[in-house]
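Trainee: In this note's numbering, the protein residues as written are 7 to 368.
Keep in mind that the hints were calculated from the coordinates and are not lab data.
Computed from a prediction, not measured in an experiment: that's the story for all the values here.
Hints may contain errors.
The calculated SDA-like cross-link candidates involving lysine to any residue, where the alpha carbons are at most 25 Å apart (straight line), are [to be verified]:
1) K180 - R294
2) K231 - D201
3) K65 - R135
4) K174 - R164
5) K231 - R307
6) K179 - L169
7) K225 - E198
8) K331 - I188
9) K174 - A273
10) K208 - K99
11) K137 - L217
12) K331 - R214
13) K342 - L128
14) K137 - S341
15) K99 - T64
16) K208 - A337
17) K87 - I43
18) K179 - L286
19) K87 - S360
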Amino acid sequence: MKGHIAGFGGNVELSRFPATSVSWRASLLGQTSVHAIIPPGLRPCLGQRTLLIRPDRTKVEPSYLNYFLNGPAICWALHAKTNGATVPHLNMKDVRTMELPDFPPLPIQQRIAGILSAYDELIENSQRRIKILETMARALYREWFVHFRFPGHENHPRVASTLGDIPKGWEVKKLGDISSYINRGITPRYDEEGDSFVINQKCVRDRRLSLEPARRQSKAIPSEKQVCFGDVLINSTGVGTLGRVAQVYENLENCTVDTHVTIARAARNTDLDFYGCCLLSHQDTFERLGIGATGQTELGRASISEIELVAPPTDVQRQFGKAVKGMRSAAVTYSKQIQNLRRTRDLLLPRLLSGQIEVGAA
7 MKGHIAGFGG NVELSRFPAT SVSWRASLLG QTSVHAIIPP GLRPCLGQRT
57 LLIRPDRTKV EPSYLNYFLN GPAICWALHA KTNGATVPHL NMKDVRTMEL
107 PDFPPLPIQQ RIAGILSAYD ELIENSQRRI KILETMARAL YREWFVHFRF
157 PGHENHPRVA STLGDIPKGW EVKKLGDISS YINRGITPRY DEEGDSFVIN
207 QKCVRDRRLS LEPARRQSKA IPSEKQVCFG DVLINSTGVG TLGRVAQVYE
257 NLENCTVDTH VTIARAARNT DLDFYGCCLL SHQDTFERLG IGATGQTELG
307 RASISEIELV APPTDVQRQF GKAVKGMRSA AVTYSKQIQN LRRTRDLLLP
357 RLLSGQIEVG AA
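Generate coordinates for the entire structure from the input sequences, incorporating the hints supplied.
Mentor: This is the structure in structure tokens:
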């Protein structure tokens, strides 16, 4: 790799390096060859398990190198060089001496990097929009159901309850009271040819549902364990993942969850958007309710059912649902766009790097 690189480093401050340096994580919780380009204006400090690769800009476009390191061929080569029984890691010597193919001329590198970065920019824009929409929905939920400043709140005096003062006509209920079903999923029979999918704990992250880590399986799914639009999924096993929440906001056919995930389904007179936002707001509570030995922590359905919350009348719930439905639907649409963009980018990446797709200079 030497001919293309101006310098390597480790455990140093990066403020004196150009923003086009490539930061390469040599080992993190068993993951190797995780890398990213350092953006302008950022002044990070490089940890001892991270390598700095500073490209020779007369030979290599830094963003092209970053995409090259993300390519499948180099990833396989890097993983083959890892060592360490407990935590795999890469040695700097192995990285320095790794042979690289002949890179195309700089103008072609810049053109390829420009094509791929266009996808990344679209992905980042969609991610920002999702964050804004989710923040707006959460803020509205807090305004109505935490601070009780819902439309017409002036006409509802506060009354005492076990959870503090609440608007008159509202009730303190248990989560089980506003749910029709709370239970875990199935023990799947994994089968790449199976006609159904099973959602696992990896699918629930950052209060969102991603089907990318879901797996095919062939076991029959009981009707009540078929995931439905509006169901809330709660990770229920293990430290670090337990308590994570996401709401299913699309129609999924032949889809269930495994035994590490709990399905919580709203009762018929409970608005789905209120139900989902309510449970999402209780993620910290779910995380605290896990019991058991370290590494074997479990969140039982009884603990979930017993959580107390303030339940507004159905008409207020539905009013809220109408107010946030557009925001939440748009966020799901952007999420699907991101998946499609990533899929297309990842298909283009090896073809562009290998020259299968010819491009002209920028």
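Trainee: Does each hint fit the structure? Answer for all of them.
Mentor: Hints and how they fare:
no.	hint	verdict
1	K180 - R294	17 Å, holds
2	K231 - D201	16 Å, holds
3	K65 - R135	37 Å, violated
4	K174 - R164	6 Å, holds
5	K231 - R307	14 Å, holds
6	K179 - L169	10 Å, holds
7	K225 - E198	12 Å, holds
8	K331 - I188	24 Å, holds
9	K174 - A273	22 Å, holds
10	K208 - K99	34 Å, violated
11	K137 - L217	19 Å, holds
12	K331 - R214	16 Å, holds
13	K342 - L128	12 Å, holds
14	K137 - S341	11 Å, holds
15	K99 - T64	23 Å, holds
16	K208 - A337	20 Å, holds
17	K87 - I43	22 Å, holds
18	K179 - L286	17 Å, holds
19	K87 - S360	22 Å, holds
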